Each structure stands twice: as structure tokens, then as C-alpha cells.
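Engineer: Residues per chain are reported as follows:
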Amino acid sequence: MKIVVCIKQVPAKDAPLAITDASWIRETDIGYEMNEPDSYALEEALRLKEKHTGEVIALSMGPERVKQTIKEALAKGADRGVHIADDKTHTLDPLGAAKSLAAAIEREKPDLVLTGLQSEDQGFGQTGVLLAELLGRPHATIIMQIEAQGGGLRVKRELEAGWFQWVELPMPAVLTIQSGINKVRYATLKGIMAAKKKEIATITRESLGIKHDPTQRIERIYVPTKTKKTEFLTGTPKEAAAKLLEKLKHEARVL
Amino acid sequence: MMNILLITEQRDAQWNKTSFETLAAAQQIAAETKSRLAAVVIGKGVATLAGELAATRLDEVLLVEHDLLAAYTPDGYTIALQQVIAQSKPDLVLFPHTYQVRDFAPKVAASLGKGMIGDCIGYRQENGKLIFVRQMFQGKTAADVVFEGAAPWFATFQAGAFRADLVAQGAAKAPVTSISVELKPEQIRTKPLELFREAKQAVDLTQAPILVAVGRGIKAPENIPLAEKLAKLLGGELAASRPICDEGWLPMDRQIGSSGQTVAPKLYLALGISGAIQHVVGMKGSRTIVAINKDPNAPIFEVADYGIVGDLFEIVPALNEALEKAK
Ligand SMILES: Cc1cc2nc3c(=O)[nH]c(=O)nc-3n(C[C@H](O)[C@H](O)[C@H](O)COP(=O)(O)OP(=O)(O)OC[C@H]3O[C@@H](n4cnc5c(N)ncnc54)[C@H](O)[C@@H]3O)c2cc1C
Ligand SMILES: Nc1ncnc2c1ncn2[C@@H]1O[C@H](COP(=O)(O)O)[C@@H](O)[C@H]1O
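Residue numbers (this note's numbering), protein chains in the order written: chain A, 3 to 257; chain B, 6 to 332.
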């Protein structure tokens with residue numbers, strides 16, 4: 003089974019975010035990591051390969067720094083990487099970004115495309131579904147289990163409020179993966195060494211020749227305005243704890 | 006003046022209630038922009054629902070029924086809605102941001118070469134232009150987003166962004182128009198099977214008066230007893246954000262949020278939880294919310310009544326100690 007996993011590099015969870023030019027954050031001085039659902043998608047791809055043989059290709063679009071995330075995927079066991087080099091990925095609308103990814107995927111003709119269900123930076127929650135439409139393939143989203151059978155797949159979709167549903171679909175297909183589908187592995191030293199010899203092909207986004215007029219534009223990003231007035235309790239931990247219990251007893255009357 | 010189309014959601018002829026929140030938003034946008042508003046009911050055997058919807062303030066209800074729409078599939082819904090859109094020519098198509106909508110709405114938009122602004126928490130009108138507000142960076146920032154290019158435009162509104170009880174009733178019943186769509190079995194590539202729930206719930210958190218919820222700030226499973234002790238001292242139950250259950254540190258039935266339980270206890274204490282919207286939708290109805298987080302900008306403070314900015318490993322032991330003393 004030939005699998006392309008779309009992996010986005012996003013600011014680290016604890017990165018202090020500073021808003022710069024009104025529509026993006028300051029990119030320097032912060033750490034980056036693999037988008038969490040994507041690391042589960044990668045793990046799932048590696049498991050499918052281990053079970054059914056095949057190839058796992060890690061695809062990431064973004065500036066030079068995203069190569070580091072591709073390398074991490076290679077160290078965990080992906081066979082090769084494809085980097086769509088583009089310094090302006092964060093300015094693309096969801097459809098524009100998906101068209102670029104789709105063009106690179108088209109060249110690989112994989113049996114299966116895996117994406118995370120959502121990115122932790124822009125959080126469009128659309129890319130996988132858009133890829134399916136652009137590639138003309140069936141899809142299923144928010145997947146919590148994958149079973150390959152015959153030429154097709156049986157997948158467990160997560161629905162709201164604890165409900166699930168099994169869905170069958172033929173391959174080639176696109177699936178979006180939910181966090182928690184598996185236990186992700188760590189890269190071993192051996193894996194890290196092996197990754198050094200693995201190929202990362204770089205294609206510039208311009209060279210994909212995408213024609214696209216943006217469908218939407220971010221005018222401004224900002225720290226959200228509070229809707230509720232929070233009373234902050236300060237002091238040493240002991241003082242803050244005492245103040246809180248006092249408030250809960252006598253003001254909120256919930257204790 | 007626009008043509009607005011609202012796509013509602015039902016399953017087995019039961020409403021997904023978020024439909025009415027988005028209806029409230031759609032009615033508000035329609036009133037402010039002097040637009041025409043129609044709502045779509047799609048499925049099979051859903052004429053009664055169309056009738057119910059017609060009682061609300063709408064210009065028209067479109068009833069879209071077909072045997073192949075009895076169970077939801079992304080292909081079936083996309084093909085049907087393409088035909089509805091071709092006939093009714095909307096400028097703006099609105100959806101509730103449900104898991105089902107996430108599964109097909111971007112596809113509908115893209116199949117027409119159009120874009121969708123997803124998961125909006127609000128909108129504004131400025132100089133005749135509609136601005137949609139959505140979250141980025143897991144709620145740490147908000148973004149104002151506008152559509153570019155020609156209509157139709159597609160947008161979804163997050164659960165809880167608008168209040169269903171603000172839906173306006175109509176002066177007269179809106180006309181219900183049936184739209185017939187062409188759909189062939191071979192066009193539907195996925196086969197939906199039964200819906201089910203995982204092994205039954207061991208605890209019913211919805212009944213607990215007090216919940217102490219832990220998030221990734223708890224760092225390691227060894228630290229959970231610290232929070233468990235606080236829950237015991239308060240006479241409450243332990244709950245968690247999704248990553249804690251994903252890791253298997255606590256069972257799934259303790260997960261709060263869109264994919265877990267929705268709770269409204271009298272007291273909800275969030276320890277080391279950032280406040281991502283998928284968590285917040287499951288607990289924001291709590292009477293009193295306390296957040297303890299070392300990041301003063303954590304979005305959880307947006308819904309908290311009381312907040313302590315600090316290290317939970319210092320504050321929770323202090324709370325435990327004070328509660329033990331008071332006993
Ligand atoms: C479709 C979908 C469905 C989802 N469903 C759910 C759901 O049902 N429930 C759910 O919870 N999530 C759900 N999520 C995931 C959600 O988006 C967030 O990723 C998740 O809620 C984050 O969990 P967290 O707050 O525990 O972790 P993080 O976001 O990592 O936050 C950890 C917090 O702990 C704080 N912290 C760290 N150390 C300390 C310390 N020592 N003292 C105090 N504070 C500290 C940090 O400042 C941070 O704010 C869903 C996501 C998607 C896309
Ligand atoms: N620049 C990118 N490079 C690689 N994959 C991406 C990129 N952007 C989005 N994706 C994939 O699409 C998923 C959903 O992203 P989004 O639609 O932004 O929420 C992510 O989890 C990734 O798998």
C-alpha cells in the first residue's frame with residue numbers, strides 16, 4: 003500500500019504567540035512541532051505499511067524549517083519525504099493550500115492519503131476533505147480505526163457525544179485521522195541514523211503551476227475579547243487557594 | 006440584499022439542535038442585510054421536520070428527499086446539494102459546524118470552485134461587508150475573515166456560537182417547496198454502516214455536582230491522584246480533556262467536550278486545561294467555572310468566573326491542604 007501522509011508543522015504548544023503584521027504571528031524565536039493529529043496519521047500509515055507492506059511518503063508544505071518535521075517522520079519510519087517549499091503557506095486559503103498539496107499527491111498516485119483532522123495553527127479542519135474532492139477520491143473523516151480488506155477499507159468514524167460509525171470505502175481514498183487513534187512511537191537512534199540516508203524531494207510551490215484565486219482573506223488576527231469577567235485570585239499559592247475557597251463558599255455558594 | 010440558504014441537519018428524523026443555533030444566526034444576518042432566507046431539510050421521510058421548520062421566520066423551506074439520502078454519505082449529500090444550489094442560487098450558504106458538516110461542506114464548496122469559512126464563532130457587518138470571526142491557534146487568537154471572489158460563499162457556525170432560543174417564529178407559515186434531486190447508487194462510493202456507542206459508561210458525569218477536570222498540564226499519569234484528592238475533598242468527580250483520555254491516563258467516559266460528555270455542574274474546576282473550543286462546548290454551561298493555568302492568556306480564562314494564574318502543582322496541594330484543615 004502506497005500511503006502519502008500530509009504533515010503540517012505548527013508552533014509548539016507552549017510557544018508564546020506574538021501577533022505581528024495583523025494577520026500572522028511572529029515566526030522567529032518560537033519552537034515548532036508536528037501537528038498532533040498528523041503524528042497519529044503518520045503512526046497509522048507506518049502500521050498499515052508494516053501489516054500490508056508498501057511505502058510511506060511524508061508530505062509537508064511550508065518554509066525551509068518544515069524539513070525538520072519531515073526528518074522527524076523519516077526517523078520514525080517514513081520511507082521518503084516531499085517538501086513543497088513555500089514561504090507564504092500561511093497566507094493561502096484552505097482551497098489554495100489543498101490545490102497545492104493535491105498537485106504534489108497526484109504525482110505519487112498513492113492508494114491512500116492520510117491527513118490530520120485539523121491543524122493546530124489555522125485550524126481550517128477542511129484540508130483532507132478538499133483533497134478528496136480535488137483528487138476525485140472517496141473519503142471519510144475523524145477516523146479512529148482503519149482495517150484494510152480486499153481492495154478497500156473499513157474505517158471507524160467518530161461522531162459527536164461518544165457515538166461511532168463504521169464506514170466502508172474503496173481505495174484509492176482519503177482519510178482524516180483523529181488524535182488518539184493509536185499510540186505513537188518515538189524515533190529510535192537507529193531510526194534517526196537511517197533517516198539521514200532517506201530522500202527528501204523539494205518542489206517549489208510555484209513549480210506546481212497552481213491556478214487559484216483566493217476565496218477568502220484574513221483581515222486581522224487578535225487576542226480574543228473576553229465575554230465573561232474573570233476574577234483573578236492572586237498571592238502565594240496558599241493565599242490564592244484560601245481566597246478561592248472563600249469565594250466558592252460565600253460568593254458563588256457552590257461549596 | 007442576498008439570498009441566504011441554511012442547511013439544517015437531522016438524523017433518523019431527529020434534529021441536530023445546532024441547526025437551530027445556526028438558524029438564529031441566519032435570521033439575524035438576513036434581517037440585518039435585508040436578505041431572503043430559505044432553509045433546507047435533507048434526508049428521507051423528513052417532511053414533518055420541514056413542517057416544523059416552516060413555523061419559524063423563513064421565506065421558504067426546501068425539502069430535499071431521496072431514498073439514497075436516508076443515511077448520510079458525503080457523496081449523496083454533495084450531489085444533492087449541488088442541485089439545490091444550482092436551482093436556488095444562494096449568495097451565502099450557512100451550516101452548523103457539526104462533525105457531519107465538516108465531512109461534506111468543504112467538498113460541496115470546492116466542487117463549485119468556491120471556498121468555505123469554517124467554524125465561525127460570530128460575524129459583523131462593516132460597510133455592507135460581512136466579516137466572519139473564527140478562532141486560530143486553538144483559541145489563543147481570533148481572526149476576522151472575509152470572502153473574496155464571486156458568490157456563493159460558504160460558512161459554518163460553531164456549536165454554542167448562537168442561541169437556539171433566539172430563533173424567531175414566523176408571522177405565517179413559510180411555504181415548503183419540494184426539490185427533486187437526481188442521484189444514482191453508483192455515485193455513492195462510501196457505504197455507511199450502523200451507528201454505535203463504545204462499551205457502556207461506568208460513571209455518569211452529567212449527574213456530578215462538582216467536577217475537577219485535568220488537562221495536559223497535569224503532565225504525567227502519576228500526578229492524577231493529586232487532582233483525584235481534590236475531587237474527593239470537594240465531594241466531586243474527576244474529569245479530563247481529550248488528550249488525557251487519548252493517552253489512557255483516564256478512561257474515555259471521563260472526557261468532557263464535543264466528542265465526550267456535555268456537563269453543567271454547579272462547579273467545574275479546570276486544572277491545566279487550555280480551553281480549546283472542543284473542550285469548552287462540553288462545560289461552558291457550568292454554573293461556576295474555576296481555571297488554574299500557568300498561562301495568563303489561556304483561552305480557558307475566557308469562560309472562567311475565577312482564575313488563578315500559576316503552577317497547578319503548587320496551587321492544588323495548597324487547596325487540598327486548606328480543605329483537609331477545614332474538615
Ligand atoms: C473534532 C475534534 C474533537 C475534539 N474533541 C475534544 C473533546 O471532546 N474534549 C477535549 O477536551 N478536547 C477535544 N479536542 C481536542 C482539543 O482541540 C484540544 O486539543 C484539547 O482540548 C487540549 O487539551 P488540554 O487543554 O488538556 O491540553 P493543552 O492544549 O496542551 O493545554 C495544556 C494547558 O496546561 C497548562 N499548563 C501546563 N503546565 C501547567 C502547570 N504546571 N500548571 C498549570 N497549568 C499548566 C498550559 O498553559 C496549557 O494551557 C477535539 C479536537 C477536535 C479537532
Ligand atoms: N502545509 C501543509 N503541509 C502538509 N499538510 C498540511 C498542510 N496544511 C494542512 N495539512 C494537512 O491537513 C490537515 C488539516 O489541516 P487544516 O485543514 O488546516 O485544519 C493537517 O492535519 C495536515 O494533515
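A couple of the hints might just be wrong.
[Said to hold, decoys possible] Cβ pair distances, simulated, as ranges:
| no. | chain 1 | residue 1 | chain 2 | residue 2 | range |
| --- | --- | --- | --- | --- | --- |
| 1 | A | A203 | B | G50 | 20 to 26 Å |
| 2 | A | R219 | B | P230 | 25 to 31 Å |
| 3 | A | K192 | B | S116 | 34 to 40 Å |
[Said to hold, decoys possible] Examples of chain A residues lying across from chain B (beta carbon under 7 Å, computed):
| no. | residue |
| --- | --- |
| 4 | R28 |
| 5 | T30 |
| 6 | G154 |
| 7 | K158 |
| 8 | T190 |
| 9 | I212 |
| 10 | H214 |
| 11 | I223 |
| 12 | G237 |
| 13 | A244 |
It should be emphasised that the hints constitute simulated quantities derived from the structure, not laboratory data.
Just so it is clear, the structure is predicted and the values come from calculations on it, not from any experiment.
C-beta atoms are modelled at their ideal positions from N, C-alpha and C, and glycine is treated no differently.
Engineer: Evaluate each hint against the coordinates.
Structural biologist: Here is what the structure says about each hint:
Distance hint for A/A203 and B/G50: a CB-CB separation of about 52 Å, inconsistent with the stated range 20 to 26 Å. Between A/R219 and B/P230, the C-beta spacing of about 49 Å breaks the proposed range 25 to 31 Å. A hinted range of 34 to 40 Å is violated for the C-beta pair A/K192 and B/S116, which are about 46 Å apart. At a threshold of 7 Å, the smallest CB-CB gap from A/R28 to chain B is about 12 Å, leaving the interface hint violated.
A cut of 7 Å between beta carbons decides the hint on A/T30: the least distance to chain B is about 16 Å, and the hint is violated. For the restraint placing A/G154 at the interface with chain B, the shortest Cβ-Cβ distance is roughly 9 Å, beyond the 7 Å limit, so the hint is violated. A cut of 7 Å between beta carbons decides the hint on A/K158: the least distance to chain B is about 9 Å, and the hint is violated. Because the smallest distance between the Cβ of A/T190 and any Cβ of chain B comes to about 21 Å, over 7 Å, the interface hint for this residue is violated.
The interface hint given for A/I212 is violated, since its Cβ lies 13 Å from the closest Cβ of chain B, which is over the 7 Å cut-off. For the restraint placing A/H214 at the interface with chain B, the shortest Cβ-Cβ distance is roughly 9 Å, beyond the 7 Å limit, so the hint is violated. A distance limit of 7 Å between C-beta atoms decides the matter here; for A/I223 the minimum to chain B is near 5 Å, and the interface restraint holds. For A/G237, the interface hint is violated, since its Cβ never comes within 7 Å of a Cβ in chain B; the closest pair sits about 9 Å apart.
This hint holds: A/A244 has a C-beta 6 Å from the nearest C-beta of chain B, less than the 7 Å allowed.
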